[in-house]
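If you're matching them up, the sequences are chains G and X in order.
Position in the first sequence (first residue = 1) + 173 = the working numbering.
Position in the second sequence (first residue = 1) + 249 = the working numbering.
Note that these hints are calculated values from the structure, not bench results.
Where is the CB? At the ideal position from N, CA and C, for every residue including glycine.
There could be a bad hint or two in this list.
[As the list claims (entries may be wrong)] Heads up, incomplete: computed chain G residues facing chain X, CB under 7 Å, no partners named:
id: 1; residue: 212
id: 2; residue: 216
id: 3; residue: 261
id: 4; residue: 275
id: 5; residue: 277
[As the list claims (entries may be wrong)] Capping the alpha-carbon separation at 20 Å, the derived lysine to any residue pairs in SDA-like fashion look like this:
id: 6; chain 1: X; residue 1: 287; chain 2: X; residue 2: 260
id: 7; chain 1: X; residue 1: 268; chain 2: X; residue 2: 322
id: 8; chain 1: G; residue 1: 280; chain 2: X; residue 2: 336
id: 9; chain 1: X; residue 1: 289; chain 2: G; residue 2: 282
id: 10; chain 1: X; residue 1: 289; chain 2: G; residue 2: 195
id: 11; chain 1: X; residue 1: 290; chain 2: G; residue 2: 213
id: 12; chain 1: X; residue 1: 290; chain 2: G; residue 2: 211
[To be verified] A short, non-exhaustive set of chain G residues, derived as facing chain X with CB atoms under 10 Å:
id: 13; residue: 179
id: 14; residue: 181
id: 15; residue: 184
id: 16; residue: 186
id: 17; residue: 200
id: 18; residue: 208
id: 19; residue: 215
id: 20; residue: 225
id: 21; residue: 263
id: 22; residue: 272
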Amino acid sequence: SQQGEEDPQALSIQEGENATMNCSYKTSINNLQWYRQNSGRGLVHLILIRSNEREKHSGRLRVTLDTSKKSSSLLITASRAADTASYFCATGSRGSQGNLIFGKGTKLSVKP
Amino acid sequence: DTEVTQTPKHLVMGMTNKKSLKCEQHMGHRAMYWYKQKAKKPPELMFVYSYEKLSINESVPSRFSPECPNSSLLNLHLHALQPEDSALYLCASSQPGRTGELFFGEGSRLTVL
């Protein structure tokens, strides 16, 4: 079953612009994570935000979490062509034994 | 480079074949996962092993048979698959019991003819 819903489904921007992706989820969570996947490759963990945190930064990434709205956003600043990939949010629910449920993903294309 | 190694990278098999996908990690993680990913879709959880015991089976058909021989290895045995089982199969590992970061392999691309 799917927990998260990202929007937009696809996003195309120019190099240097910022990219914002949103994720909504349905149940109570322990944390929310963002992963990146280059075409046909494995997923790479980007950042984790806990349910008691509201904002987190890592390099050019900024993640926010609003548990009252059950939503999160991922901002990539000063995008580069190498950021072209699919981005998935993933949630770990309370008592879920450690497994993650992934959202549908946003396909980001950054044009040089 | 990923610290989770999956073999083979590509596999083509007929519907009557028996094959296996293999996954190995040496990070000391005691939870290992199989996910299935169809084109343009998110990964879907298939199985979770925690301390070498199967803890989650997400109603996966019996033609997929997981095996965890030890804390570093995870296999997925395939038998009598259907063309719709063609997908990218992803292995991941983590520390068990907490929904922390998953470390993924690069996947095995399976094509069933």
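So, going through the hints one by one against the coordinates:
Contact between residue 212 of chain G and chain X, as hinted, is not supported at the beta carbon level, the nearest pair being about 10 Å apart and thus beyond 7 Å. The criterion of a C-beta within 7 Å of any C-beta in chain X is met by residue 216 of chain G, whose closest approach is roughly 4 Å, and the hint holds. Satisfaction of the interface hint for residue 261 of chain G is found here, the shortest Cβ-Cβ separation to chain X being roughly 6 Å, below the 7 Å cut-off. A distance limit of 7 Å between C-beta atoms decides the matter here; for residue 275 of chain G the minimum to chain X is near 4 Å, and the interface restraint holds.
Hint status for residue 277 of chain G: holds, given a least beta-carbon distance of 6 Å to chain X, under 7 Å. With a C-alpha separation of about 15 Å, the suggested pair residue 287 of chain X and residue 260 of chain X falls inside the 20 Å cut-off, and the hint holds. With a C-alpha separation of about 16 Å, the suggested pairing of residue 268 of chain X with residue 322 of chain X holds against the 20 Å cut-off. Between residue 280 of chain G and residue 336 of chain X, the direct Cα distance comes to roughly 19 Å. Compliance with the 20 Å bound is thereby established for this hinted pair.
At roughly 14 Å between alpha-carbon atoms, residue 289 of chain X and residue 282 of chain G fall within 20 Å of each other, so this suggested pair holds. Proximity of residue 289 of chain X to residue 195 of chain G is assessed by CA-CA distance (about 18 Å); at most 20 Å being required, the pair is judged to hold. For the suggested pair residue 290 of chain X and residue 213 of chain G, the alpha carbons sit about 11 Å apart, so the restraint of at most 20 Å is met. Between the alpha carbons of residue 290 of chain X and residue 211 of chain G the distance comes to roughly 13 Å, so the proposed pair stays at or under 20 Å and holds.
A distance limit of 10 Å between C-beta atoms decides the matter here; for residue 179 of chain G the minimum to chain X is near 9 Å, and the interface restraint holds. The closest approach between the C-beta of residue 181 of chain G and any C-beta of chain X is roughly 14 Å, which is over the 10 Å cut-off, so the hint fails. Violation of the interface hint for residue 184 of chain G is found here, the shortest Cβ-Cβ separation to chain X being roughly 15 Å, above the 10 Å cut-off. Nearest Cβ of chain X to the Cβ of residue 186 of chain G: about 20 Å, over the 10 Å cut. The hint is violated.
This hint is violated: residue 200 of chain G has a C-beta 12 Å from the nearest C-beta of chain X, more than the 10 Å allowed. Look at residue 208 of chain G: its Cβ gets to within about 8 Å of chain X, closer than 10 Å, so that hint holds up. A hinted interface residue such as residue 215 of chain G counts as satisfied when its beta carbon comes closer than 10 Å to some beta carbon of chain X; here the least separation is about 4 Å, so the hint holds. Because the beta carbon of residue 225 of chain G sits about 14 Å from the nearest beta carbon in chain X, more than 10 Å, this interface hint is broken.
With a cut of 10 Å, the hint placing residue 263 of chain G at the interface with chain X holds, because the nearest CB-to-CB distance is about 8 Å. With a cut of 10 Å, the hint placing residue 272 of chain G at the interface with chain X holds, because the nearest CB-to-CB distance is about 5 Å.
Hints 1, 14, 15, 16, 17 and 20, counting from the list given before, are not met by this structure.
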